[in-house]
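Novice: Using the supplied hints, reconstruct the complex from the two chains, each of which is provided in its own coordinate frame.
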Amino acid sequence: MAITLISTVTVGAGGAASIDFTSIPGTYTDLMIALSARNASVGATDVYAQFNGVTTSTYSMRRLYGEGSGSGISDAVSTPSATGFRIGRSVSSGATASTFSNCLIYLPNYAGSTAKSGSSDQVDETNATVATQLITACLWSGTSAITQVTLKQLDGNNFAQYSSASLYGIQKGSSGGVTVA
Amino acid sequence: MANAMVALANTTVGTSATVTFGSIPATYRDLRIIIRVGGTTSTGSGITFNSDTNYSANYSRVVMTGNGTSASSFTNSGAGNPAANHDAGALRTDGQLIIDILDYSATDKHKTFLSRQDAAGNETTALAGRWASTSAITSIMLANDSGGGLSSGTTISLYGIVSA
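Quick mapping for you: the protein sequence lines, in order, are chains A and B. Heads up: the first sequence begins at 1 in this note's numbering, then just goes up one per residue. Heads up: the second sequence begins at 182 in this note's numbering, then just goes up one per residue.
One chain only, chain B, in its complex shape (with noise of 0.2 angstroms):
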């Protein structure tokens, strides 16, 4: 695991904006987005690849979650509700979101990516989502998922994963 890990970029939301990484190289297996929550707004999040914003016909995901009194598993894919269905999980106060997306330069495949989302206030969350593109990813937009700023003070760090 030593070498397992490289840091390929990282930010600190200054007043709200979104984020892209951009020229993302193809030479890592996996990528991981870490990211901090600042600020007292909660939101969802948008993630777009490439920026590929044809959310109701290419994005879709699975939720499962638990808010400390109850569990609940739903999905969002298609045209019903195209603003979640590129939602990468809640952006929460004293929270942060930790994103794996695998195999992310294979040109074979559509994009899966795994999500978990913790805020001791409100809830836990693991989420699965797919991008349905055999294009490989060289840019990652983070957004609110109303397609806006995050929250000032928030941290993202980009980590790529090497293949043994």
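If we strip away everything but chain A, and leave its shape as in the complex, we get (with noise of 0.2 angstroms):
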């Protein structure tokens, strides 16, 4: 089959700084990350992606949103950053008891050695009257293969408990008599 759970991680009581993956191996072609985040402190945050640990600015984004009313917003980190990778955002630790935003993100040819691009989906409804519908590119200009994820929020805030992300991997392949031409 396609596609492999590679590891999960569930944040605990108290919260974490961040969700890692490490030494994650290239034997596959893509990776996909399906995120469910809230903040552990006040206010709905951005959160993003580093990889290899690289904390320089190699970073960047442009993304389309919604957010219940009026009309469609675009915005970017055109100019690389060390926090430009931001794959959504996470549910404020105000925002009704038990919701959590939701983030798929697919990253083609992890392993390859040309830049990284990305996309991302996220959604979050908390049935208050904000909530917010993104969809985003996002680019790491580094060359090496991708082997850790390191997923933080802006605000710096941890992660609140049962926050949680799942890193598969995504295998092609040729089966069932499908030609190419």
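Hints listed in this document are in silico derivations from the structure and should not be mistaken for laboratory results. Cβ atoms here follow ideal geometry from the backbone N, Cα and C, with glycine treated the same way. Each statement offered as a hint is correct.
These stretches of chain B come out as covered by chain A in the derived footprint (C-beta under 8 angstroms, 3 or more residues): (1) 190-196; (2) 202-211; (3) 238-247; (4) 273-283; (5) 304-317; (6) 331-343.
Specialist: In structure tokens form, the structure reads like this:
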């Protein structure tokens, strides 16, 4: 089969400053991460990814989002920054109890020797006035294979208990008699 | 999810060329195509099902996009711009395109597909497309939006999504 669950991290009591996947093997074609996130402190905030422990200004993004009213909004981190690979948002600690944001991140060719692009889709709905839906294009200019993914919140606060992330490996292949020409 | 996705075919474009997946079996629920763009030329993409090139009559789409400063939405359908009707999203350097084709083997409905196109240096886009045919999809041709070849180094993978 083409999809394999590599690892799941669930934040425990007291929260966690980051969610980390380490020692990611280079044996897959693509990676996918499913993230469920809530901020342990006041305020929703962006969630960003860093790779291989690199904290230099090598990450950028453009995104499109709506917040439940008005027209769509587009913004960007077009000048690379250390926190520019913004994949979505967490839900505020003050939001309706037991609500979390959901975010799906796709990283094609993560083990290649070119810059790494990413795609993410994120939603949160908390039975409140503001809800969010984002789609985001991200880029890390690093050319090393991704072996480590670190997820953090932009405001520096902890992820709340029960926030979770699952890392999947996607493996290309040939089966079923499909031809390519 | 562990058994829900089957790798059906993949290719890397050598020299500029179109890519056609053929003999697609009807045994899955949906199809997913992952395109990682190679080269340095940005183009639109073109998707053609079962060799049906009557784009003005049978293909349409609605697009929502953001370029970092503004958001917009538009449609393409009919004879006004047939080349755009079957565009599944831009192919940008350092970008990717993910296309989900739903109920591709159904013979009682037109086919819809959802695509997500991302390039951090240009834009992020969500697109919904329709192919007005009740035929099961058995072949998919991918080209640029002028019908020409995809850039050298572009990698394309086709997956089948299994129903429960």
